[in-house]
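Colleague: Residue numbers (my numbering), protein chains in the order written: chain A, 7 to 269; chain B, 6 to 253.
These aren't lab readings, by the way, just hints derived from the structure by calculation.
Worth double-checking, as some hints may not be accurate.
Unchecked claim - Derived BS3-like pairs (lysine-lysine); straight-line CA-CA distance at most 27 Å:
id : chain 1 : residue 1 : chain 2 : residue 2
1  : B       : LYS114    : B       : LYS219
2  : B       : LYS114    : A       : LYS151
3  : B       : LYS111    : A       : LYS151
4  : B       : LYS19     : B       : LYS219
5  : B       : LYS19     : B       : LYS62
6  : A       : LYS245    : A       : LYS151
Said to hold, decoys possible - Okay, the calculated bits of chain B under chain A, using three or more residues with CB under 8 Å as the criterion:
id : region
7  : 73-82
8  : 96-108
Backbone N, C-alpha and C define an ideal beta-carbon position, used for all residues, glycine too.
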Amino acid sequence: MNAAALSRPLAALGRATLALMAATGRLSLFVGETLSHLLRPPFYLREFWLACLNIGWLSLPVVGMTALFTGAALALQIYAGGARFSAEQVVPSITAIGMVRELGPVLGGLMVAARVASSIAAEIGTMKVTEQIDALTTLSTNPMKYLTVPRVLAATLCVPMLVGVGDVIGIMGGWMVGVNRLGFNSATYLKNTWDFLEFWDVGSGLVKGAAFGFIVATMGCYHGMNSGRGAQGVGRATKSAVVAASVAILAANYVLTEAFFSA
Amino acid sequence: MITLDAITRSFGSKHVLRGVDLVVPTGQSTVIIGGSGTGKSVLLKCILGLIEPDGGKITLDGVDVHEGERDAFLARFGMLFQGGALFDSFSVWENVAFRLLRGALKRPKAEAREIAIEKLRRVGLSPDVADLYPAELSGGMQKRVGLARAIAAEPEIIFFDEPTTGLDPIMAGVINELIREIVTEMGATAMTITHDMSSVRAIADRVAMLHAGKIRWEGPIAEMDETSDPYVQQFIHGRAEGPIETLR
Ligand SMILES: Nc1ncnc2c1ncn2[C@@H]1O[C@H](COP(=O)(O)OP(=O)(O)OP(=O)(O)O)[C@@H](O)[C@H]1O
Ligand SMILES: [Mg+2]
Numbered sequence: 007m008n009a010a011a012l013s014r015p016l017a018a019l020g021r022a023t024l025a026l027m028a029a030t031g032r033l034s035l036f037v038g039e040t041l042s043h044l045l046r047p048p049f050y051l052r053e054f055w056l057a058c059l060n061i062g063w064l065s066l067p068v069v070g071m072t073a074l075f076t077g078a079a080l081a082l083q084i085y086a087g088g089a090r091f092s093a094e095q096v097v098p099s100i101t102a103i104g105m106v107r108e109l110g111p112v113l114g115g116l117m118v119a120a121r122v123a124s125s126i127a128a129e130i131g132t133m134k135v136t137e138q139i140d141a142l143t144t145l146s147t148n149p150m151k152y153l154t155v156p157r158v159l160a161a162t163l164c165v166p167m168l169v170g171v172g173d174v175i176g177i178m179g180g181w182m183v184g185v186n187r188l189g190f191n192s193a194t195y196l197k198n199t200w201d202f203l204e205f206w207d208v209g210s211g212l213v214k215g216a217a218f219g220f221i222v223a224t225m226g227c228y229h230g231m232n233s234g235r236g237a238q239g240v241g242r243a244t245k246s247a248v249v250a251a252s253v254a255i256l257a258a259n260y261v262l263t264e265a266f267f268s269a
Numbered sequence: 006m007i008t009l010d011a012i013t014r015s016f017g018s019k020h021v022l023r024g025v026d027l028v029v030p031t032g033q034s035t036v037i038i039g040g041s042g043t044g045k046s047v048l049l050k051c052i053l054g055l056i057e058p059d060g061g062k063i064t065l066d067g068v069d070v071h072e073g074e075r076d077a078f079l080a081r082f083g084m085l086f087q088g089g090a091l092f093d094s095f096s097v098w099e100n101v102a103f104r105l106l107r108g109a110l111k112r113p114k115a116e117a118r119e120i121a122i123e124k125l126r127r128v129g130l131s132p133d134v135a136d137l138y139p140a141e142l143s144g145g146m147q148k149r150v151g152l153a154r155a156i157a158a159e160p161e162i163i164f165f166d167e168p169t170t171g172l173d174p175i176m177a178g179v180i181n182e183l184i185r186e187i188v189t190e191m192g193a194t195a196m197t198i199t200h201d202m203s204s205v206r207a208i209a210d211r212v213a214m215l216h217a218g219k220i221r222w223e224g225p226i227a228e229m230d231e232t233s234d235p236y237v238q239q240f241i242h243g244r245a246e247g248p249i250e251t252l253r
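Okay, chain A solo, but in the shape it has when bound:
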């Protein structure tokens, strides 16, 4: 084997690394620019309000469903696991903590990523390829301020609320299964849950939700704004937004969990 053949995989690795670093740099600049516009007028309240409606209110059903079924399944699993060392009574508390600390924010965030990052990327990407973004600029409207800032702000504020609602519904899902299938007393189940949970269990989940909301909207806007030309370009931007948002959510979840709870 000659040296050229040997260096080929290395070159490919190098290229991929460089591309990754360049993409990270571009994304950081994008985030920096978004933040720099956050506090400077003009503010587009109508856009912000519409974004809240789309990201927060219209995501309620899908986040609620996710939480309900997850909470229910979680109760069954914990019951089965607890039974192995006769600790069935932990079902209410472990279901609650699993929901509010981990599954509520993560699954909620992932569902919002699927629903919102895709729609933002497709919408902004289409605007980009049909020159609507250019048109905004020529009409003295900064596209970052008008499109990105309201969406990022709305997602950062709304996703924690969604997570909060999801927490309650998820615990309800566990409670329904606990009372109807596992023979728990309804009042005891709820009292156990309530007594067990600490403020920071819920609070940490909400902070995660805010971070995930920020990630979702930022990825949607970034990939939309950098969409390639034509329908194919928009399709690719949409896919990249969902994949990037999902992976970033899972990675951020680990980092935040480590920061909040590691001893």
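Following the hints, complete the assembly by docking chain B with the ligands onto the known chain A.
Modeller: Same frame as chain A, but now just chain B with the ligands:
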């Protein structure tokens, strides 16, 4: 006055603009002609800063377009995009009045709507279309809404990218007249891209022909027919034979 000095721009290995020099005088109507894909739209976007040139210098009234306040710079311009570029989440009148509904030129909604309807009338659209959405309009109607939006805030400098393509001959005549009026009555500076030679004759004070990334010929409309430049002659007479290759 807008001056372009040795503007270059490539996309990948494709050298679209290879050193464009052009002067666009204030208060006149300059028409850019040139084959499809020669970079006419790219040139307009370079002036507005929507596409960053690779090299060269663009000045407006002697000031580099990169210097000074960008908002103030853009506020002087209006642009009709080749594809219309209407905002599909807004109704027709909200598109036309976009600039009048927010920012520095903001005014009451009723007044903005009235102005929008007046501009729509000028491009030959009845008030009925004001509350429709862009997706409900035909291609030619969308183009005219885009035109109404470009002139709504009465900018000093207006760029029209193919204002009459997709319009019937009568409507094309109306639009040509409108552009002429905007220049002569409002004293605006107009820069128009068109492939339609009757449009060129109707609206141009000066004509510039873009070919192979450079301005091939430039001069007053009266001299266009007399010029001996074979490229211009081939283009304005629409001949298949000549120095301009048909495969590009
Ligand atoms: N964003 C872009 N990315 C890559 N290539 C581009 C881009 N914009 C324009 N081009 C290329 O630049 C060239 C000139 O495009 P432009 O739209 O300016 O042509 P034009 O002269 O306006 O043509 P037409 O009369 O058909 O509108 C084309 O070959 C096009 O492929
Ligand atoms: Mg063009």
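Colleague: State for each hint whether it applies.
Modeller: A quick look at each hint next to the structure:
no., hint, in the structure
1, B/LYS114 to B/LYS219, "violated (45 Å)"
2, B/LYS114 to A/LYS151, "holds (22 Å)"
3, B/LYS111 to A/LYS151, "holds (17 Å)"
4, B/LYS19 to B/LYS219, "holds (14 Å)"
5, B/LYS19 to B/LYS62, "holds (20 Å)"
6, A/LYS245 to A/LYS151, "holds (24 Å)"
7, 73-82, "holds (count 4)"
8, 96-108, "holds (count 4)"
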